[in-house]
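Trainee: Listed here are the chains, written in short residue letters.
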Amino acid sequence: MDGYLSGAASQLMERGRVLTAKIPRDLPRDYDTLAQTCRKRINIQLEHLHAMADDPLLRESKYQPERFRLFKRIVAELDIIETVGIAALDRANSDDHKLNELLERIAREIHYPLETPVVTTLSQQYFHIYPDMNLLCVPLTEGRFLLHLPDLYHELAHPLLSAQNDPIVEPFQAQFLSALSDALKYVSTEKSKEDRRRGPRQPGYLLQIWEIAWVKYWMTEFFCDLFAAYTLGPAFAWSHFHLAAKRGSDPFHVPINRSTSHPADDARMRAILHALDISRFKDQAAKVHECWRSYLLQCAARPEPEYHRCYPDHLIRTIAERTRDGVIGMQARICSEDTKDPIHALLNEAWIKFWAAPDCYVTWEKQAVNRLFDSRSPTPTIHDS
Amino acid sequence: MSYSGVYSGLYARIRDYAELLDDVLINIKAGRSSPSDSRRQQLAQLFLGASVSTGSNLSIQLFKVFLRDAYDLDQKHLTEIGQALLSVSVGSNIVDRLERFAHALENERAGMLAKMRGHD
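Chains as they are written, first to last, in my numbering: chain A, 1 to 385; chain B, 1 to 120.
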């Protein structure tokens, strides 16, 4: 295998150099951080490749397992850089530029404490972010519409949880860890109850799946939802409703065989509504809640008993409160009824317009989007058409 | 809400654990490692942190979950590995366990990459 690894390493070195050459040199400054990240990460992989190919120690037979794993990690890293980072740079177009400007405005409005991520419209899987590339992916045409844009706020929260050695975001991360500890204590208490009960085996196994899900996925998703709810307000709750109604499955889903990446849609909505209550959007929270209940009726969704055990009210409320303390702690802007920031106002107004006259909404939205992106002013105001 | 994106943060963590583990393994096997090495201490703290039932460090919590998912080790074994990494001599049985865990972690990394790409 030594010959194979040496030859493959040489080929990958050339691939790394080709990728570096593919980084465009004529993009707006918004893309500089992504370009630098790609360049830096390619160079790190080139150093690994040189070590893999040339280090006499690594070529000894007893280090071949480590050498092979290193090789696989390098290949994966170059794949990610090529298909995500370089692709975003190589195909950046005017739609991307507009969304980058929009995200920068949002970041300023909410006092986002980190570097604003770069946006690309290359996503094939709804909104998502690569925190270690600081790259936010949105579907191709999503920037032409307003009702899902609140999900940008959710995605902005992910890097807040993965940033390292940054005292500004540590209050948010500390609240996250406290909330995670609350969740794990709750699951542990439930496990103890099960042990005392000497019941059937499945509930104990269920609790283990939930514990893994809380650590790997759910707390992160709750915190990102709640960050969006506190910084944007009711529009985020409507956006969650919109996504669940269009693409959601069982809103009361409880994982049985393996952990799921997202908490149940209803549990997420409960957390978001609690955040709106805390932020004194009580009337609007009531409207969202009414609509959500109607949706649950329409899709004949009913929770199994395990649902309430999986996502107990007291835990959901604690998470909502801890997230708020974290947002305040890092001095991001929590919105209220009095918040007048233009993008905040527009995204909330969009939902008001939608419900006021659903049939006429598309016309209003087209004009609002045109004015939003065509405006040369950094803070356009959008009102009635 | 994200689909592939939700895995990318976790992928970076697993990749970092895998790099750390392989770095420490190479240096131990080459006899050029000591308990004062920062990377070795970092790995020891992960195993020792994972051996206690509660913790407030996310990195340790995730390491513990990956350990449990990938390689079923009880708390006693985790403590043994952690303490061995902090001692002068790391026995061959500990190196064997670390090798097996490195292999399991590699599978976990590849699986998370597939999820990131929407292949799950």
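Note that these hints are calculated values from the structure, not bench results.
Watch out, some of these pointers could steer you wrong.
Facing chain A, according to a computed beta carbon distance under 7 Å, are these residues of chain B, among others [to be verified]: (1) G9; (2) I26; (3) A30.
Distance condition first, Cα-Cα at most 25 Å in a straight line; then the derived DSS-like pairs of lysine-lysine [what the hints assert, rightly or not]: (4) K185/A - K76/B; (5) K287/A - K246/A; (6) K40/A - K22/A; (7) K29/B - K72/A; (8) K72/A - K98/A; (9) K72/A - K115/B; (10) K76/B - K29/B; (11) K29/B - K246/A; (12) K287/A - K98/A; (13) K282/A - K340/A; (14) K98/A - K353/A; (15) K340/A - K246/A; (16) K340/A - K353/A; (17) K62/A - K29/B; (18) K72/A - K40/A; (19) K115/B - K191/A; (20) K353/A - K282/A; (21) K366/A - K353/A.
All C-beta atoms in this analysis are idealised placements derived from N, C-alpha and C, irrespective of residue type, glycine included.
Trainee: Under the constraints set out in the numbered hints, which ones does this structure not fulfil?
Mentor: Structure breaks hints 8, 11, 12, 15, 19.
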